[in-house]
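Residue numbers (this note's numbering), protein chains in the order written: chain A, 18 to 456; chain B, 15 to 310; chain C, 22 to 328.
Hints in this document: simulated from the structure, not taken from any laboratory. Note that the coordinates shown come from a computational prediction; the quantities given were computed from them, not determined experimentally. Think of the CB as a built atom: it goes at the ideal place given N, C-alpha and C, for glycine as much as any other residue. Treat the hints with care, as some may be off.
Derived DEER-like restraints, expressed as beta-carbon distance ranges [what the hints assert, rightly or not]:
| no. | chain 1 | residue 1 | chain 2 | residue 2 | range |
| --- | --- | --- | --- | --- | --- |
| 1 | C | V73 | A | N395 | 23 to 31 Å |
| 2 | C | K139 | B | P89 | 56 to 64 Å |
| 3 | B | P65 | C | E221 | 55 to 63 Å |
| 4 | B | K93 | A | K394 | 30 to 38 Å |
| 5 | B | R21 | C | L138 | 13 to 21 Å |
| 6 | B | L291 | A | S276 | 46 to 54 Å |
| 7 | A | R456 | C | V56 | 48 to 56 Å |
| 8 | B | I42 | C | R236 | 27 to 35 Å |
| 9 | C | T183 | A | K394 | 58 to 66 Å |
| 10 | C | K217 | B | Q297 | 23 to 31 Å |
| 11 | B | R18 | C | R236 | 30 to 38 Å |
| 12 | A | N354 | C | K139 | 19 to 27 Å |
Cut-off 16 Å, straight-line C-alpha distance, at most; resulting in silico cross-link-like pairs (EDC-like, lysine to aspartate or glutamate) [as the list claims (entries may be wrong)]:
| no. | chain 1 | residue 1 | chain 2 | residue 2 |
| --- | --- | --- | --- | --- |
| 13 | A | K104 | C | D189 |
| 14 | A | K175 | A | D160 |
| 15 | A | K300 | A | D288 |
| 16 | A | K197 | A | D182 |
| 17 | A | K300 | A | E217 |
| 18 | A | K435 | B | D165 |
| 19 | B | K23 | C | E135 |
| 20 | B | K214 | C | D40 |
| 21 | C | K44 | B | D165 |
| 22 | A | K254 | A | E265 |
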Amino acid sequence: MNRLIKLLLVLTVLALGLSACGQTTTQQTQPTPQTVRETVTVRETVVVPAEKVTVRLSGWASSPAETALLESLLYKFSVENPDILVKYEPITGDYKQVLLTSIASGTEPDIFYVDIFWWLELAANDALLPLDDLMATSGVSRDDFIPALIDAFTYKGKTYGIPKDFNTLGMFYNKALFDKAGLAYPTDDWTWDDLRAAAEKLTDLSDPNRPVYGFCTPPDPGRFPVFVFQNGGMVMKDDYSDTMLDNEAAVKAAEFYTSFRTAQIGALPSDLGEGWQGTLFGKGQCAMVYEGGWLIPYLRDQFPNTQYGVVMPPAGPGGEGNLIFTVAWGISANTKNPDAAWKVVNFLTSEASQKTVLESGFALPSRKSLQNSDYLKNNPNSAAIFNGSFFGAHPFFWGTVGSDVNDQMAKALERIFKENQPVPDAMKQAADSIRKALR
Amino acid sequence: MRSRTDRRKVVEALNGYLFISPWLIIFIIFSLISLGYAVYLSFTEYNLLRPPRWWGLEGYQRVLEDELFLAKALPNTFKYVLIVVPIQTFLSLVLAFAMDQNLRFQRFFRTIFYLPSVTSSVVISLIFIWIFAPQGIFNQITGLTVNWLDDPRTAFYVIMGMNIFTTSGTLMLIFLAGLQDIPLAVYEAAEIDGANGIQKFFYITIPMLRPVIFFVVTVGVIGCFQVFDQIYVMTAGGPLDSTTTITYLIYKWAFRDTRIQMGQASALAVILTLIILAVTLLQRKVIEGSGSGAER
Amino acid sequence: MAVTTQTQTRVYEQTVFFDRLRKYLFFAMLAFWAVLSVAPLYFTLVFSFKPVADIYTPPIWAPIPFTLENYQTILGTFQLFPRWVWNSVFISVIITIFRVLFCAMAGYAFARIEFPLKNFWFNLLLISMMMPGVVTLIPSFLIIGPGLIRGGIDLGMFKLPTGFGLIDNPWGVILPGMADAFGVFMMTQFYKSFPKELEEAAMMDGSGRWGTFFRIVLPISQTQLITLALLTFQGAWNNFMWPLLVLRSPEQFTLPIGLQWFRGEYYTLYSVILAGSIFNTLPILIIFFVFQQYFVRSIAATGSKEG
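Produce the entire structure from the sequences given, and follow the hints as far as they go.
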């Protein structure tokens, strides 16, 4: 028993010792935006009135730097609204599981992230509060926001979430590799033919230990649909009642997408020993990749020496096409403080807040008014991602069986790549499985 | 005298319940009620957002007709159990036996052999993803270029190997604790009779460890049928469903799919429970005979 | 006579040779497995001291270049880190103490005492381990939190709560963990293989079940109790899903939940994760190494303590 107590003491001392180390070291590795630091150090005395309303806010845990940004915004809000206390409860694990369990048990937070991909179940089952009336009281209009985004969170004419930010896909290109091949940098006017021609010239397999491919084509349902759109096709029908993956447009798009690897001018990330093409791009082994804005901070952190540019994905025979990934702030239908909750959401999506987020480089704003902001003018890479939302962009959303659609697209591509299944057969098989799931 | 025996029996019974009462109370409140609720859910359609709706055996029917279940989850799970349980049981038993031999640096070796089990399954899964990455440590050392976790032919075996590796320490510990109760005198007597290491192992150690072996195998079977964490972190059921097990399918239907099917997931959970029960009863007959532990 | 002795000597030498060979083979196998066992943690340690950009670059055997930045990131990013460690310690220790006691008591009863419905409860115990936790999460969560029936059971005068209301409270994690089917099962099997003589002697001397248990059986089963304690502590320390559901405010997080905060939404900087794993693993390793010395043959087995 004595030894047990001794051991507990040792553990406690260890813990305290470690904490002492931690508090004297300031965060050095993550380049935190200056604006964030300045806001937090200003401390004002706030008179706390008697009536205080508590609002719980939750989301998944993004990087520590983004968390700091959110917390600074919440702090600003609490200064301006001393009668509302916002409790931030991040979910660091399986977000959907925790959120669904909370809703099922009536313990969900008042405000939470709603992802475009699976939000419909929540809206259709009355788990979210329609926001139109609350928006009217604050003079917020749907027109303030980028149409593609606000429409994505609309169900039966009602708005169920305010998009907080978004991402599209841009074509990241490696400037050094382009220079080496003597090619002009891509522009927003590029087409599929330009893409293919460049991939051929950029591929360099002379060093077997370090092959360089022109283009990366992962079996990813978050990339492939862009090609379907650009060939004039769709993944699902407009009302999501059926899939169109076995239509000719989609099949031809799949043939184009998979042809890079067949012609050895493109590769899968796993071919080159990585799980993600972003890493390969940073290493300079893939000259062009389609990725979202999140690649920008990643490259800054992990591969700061890579010189690159971003343009919109080259257009196909059917025109421009892109995917929109977006998350909205939703308010629980069972919240006890809808007005307070709305105040928080409104503040977080206000022009001022969105400007702060934009300038820290983490995400793109959902408000139209920031389209011509200085930041975007000075950061053409981010601007390219932002502008993608206006050119043939469709939300990353496939209806009630979305996860099945994703799974089937991924599997179809994997079968084509790894088992050499003919493209039309693979797409037909995927489409049939999706139809089965729709029943 | 009859009254004294009766009184003793009553006192025994009372004592018995007093001894198990702390566990029993917690068990009833947190386990039994939850189990019952899960069984109830298996007869409902439940999307977590609206109250459950009774639909009888519909969920079970859907499960038994489901392609993913029949073609992948069920055979994968059985394959997993049949390969992993014998290997991990035998390996940890041999390790425990070796650690009981009073070798030099015994404490040091025991800690080393326990290392694989120390980290949480989530963390060790992340570490193994990194080790088995195509240009990770494993390929660097062996000189191979296999894409272990991305290839439908190898991914499941990596997970199996990882599980055997990580459970070996825990099971070794349990076997070791059981070995401590085998009196040295019995070994010494056998040595005098001329028994060597292997004979001692098979004729003394194993018979005397029967209750513990039953425990390890039962727990191993139950654990293997429910393998989940590693698949969740490392492969998400892929590639091409080669690592989809029953428990992962349950999770997929309950929380991962866009269309939430908690009722169907619960039905599958009940089916899994029945499968495990059947296998355990079978295995009990094989290991134990008719009793439930060798009493000395 | 001399010939036979020569043959016998040769045979004896051969036997000794094979014995030695077997012993060396044995040691070789043990050494190989030891290297394999250390490898993952060793490499984790090495790469946790390497900069983020060098996550895959050789040399793999030594941290060159060397940096402390990953550890600084973990310690410095969130001021709550020491709080998380404390939460983990508190929860794990309390769970361990209670669970070992309750499981030992129940295990002893199942192994030695006859009482009605004994087999029924034991079989129920086994069956409870067979249902995957994914589907029992929600009812368990309801019980620990708002209650199975919202608003409680209306009994006229007052409402009977059907839940404990312990969400965002460490006791919400501790309470369900205080007893565990696995632990009871293990102790039952251990106690079943104990020799009965000592207990019978004590009972004959007039000591009741309780006296026998606390004064004789518990001390004898020291090794098995330590085993259960180690496994329990480890399980409680590394437990992720349940605390994730129950604990909401960042101040209440346990260490594994806090460390997951470093996993990014779109990409993961593995070097930092590896450093975090070391933090999470170290306490258990230390405890294991320290408590190992209690792994002794029980008095019952030898009549005297041996290590």
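Consistency of the hints with the structure:
1. A hinted range of 23 to 31 Å holds for the C-beta pair V73(C) and N395(A), which are about 27 Å apart.
2. Taking 56 to 64 Å as the suggested C-beta distance range, the pair K139(C) and P89(B) does not conform, at roughly 38 Å.
3. For the hinted restraint 55 to 63 Å between P65(B) and E221(C), the CB-CB distance of approximately 57 Å keeps it satisfied.
4. Under the hint 30 to 38 Å, the C-beta atoms of K93(B) and K394(A), about 58 Å apart, miss the expected range.
5. Between R21(B) and L138(C) the beta carbons are some 20 Å apart, a value that agrees with the proposed interval 13 to 21 Å.
6. For L291(B) paired with S276(A), a C-beta distance near 52 Å keeps the hint of 46 to 54 Å intact.
7. Checking the proposed 48 to 56 Å range against R456(A) and V56(C) shows it holds: the Cβ atoms sit about 54 Å from each other.
8. About 30 Å separates the C-beta atoms of I42(B) and R236(C), a value consistent with the hinted range of 27 to 35 Å.
9. The given range of 58 to 66 Å is respected by T183(C) and K394(A), whose C-beta atoms sit roughly 59 Å from each other.
10. At about 27 Å, the beta-carbon gap between K217(C) and Q297(B) stays in the expected band of 23 to 31 Å.
11. One distance hint, 30 to 38 Å for the beta-carbon pair R18(B) and R236(C), is violated here, with the actual separation near 25 Å.
12. Under the hint 19 to 27 Å, the C-beta atoms of N354(A) and K139(C), about 53 Å apart, miss the expected range.
13. Annotation: proposed proximity of K104(A) to D189(C) holds, straight-line Cα distance about 12 Å (limit 16 Å).
14. For the suggested pair K175(A) and D160(A), the alpha carbons sit about 14 Å apart, so the restraint of at most 16 Å is met.
15. For the hint pairing K300(A) with D288(A), the CA-to-CA distance comes to about 14 Å; that is within 16 Å, so the pair holds.
16. A hinted pair counts as satisfied when its Cα atoms are at most 16 Å apart, and K197(A) with D182(A) does not qualify at roughly 36 Å.
17. Note on K300(A) and E217(A): the hinted pairing is violated, with a Cα-Cα distance of about 19 Å set against a maximum of 16 Å.
18. Under the criterion of a C-alpha separation no larger than 16 Å, the hint pairing K435(A) with D165(B) is consistent with the structure, at around 9 Å.
19. Our distance criterion of 16 Å between C-alpha atoms is met by K23(B) and E135(C), whose separation comes to about 8 Å.
20. In summary, the hint linking K214(B) to D40(C) is supported, as the alpha carbons are separated by about 15 Å, within the 16 Å threshold.
21. Of the pairs offered as hints, the one joining K44(C) and D165(B) is violated, with about 40 Å between alpha carbons and a cut-off of 16 Å exceeded.
22. Distance restraint check for K254(A) and E265(A): the Cα-Cα separation of roughly 14 Å lies within the 16 Å cut-off, and the hinted pair is therefore satisfied.
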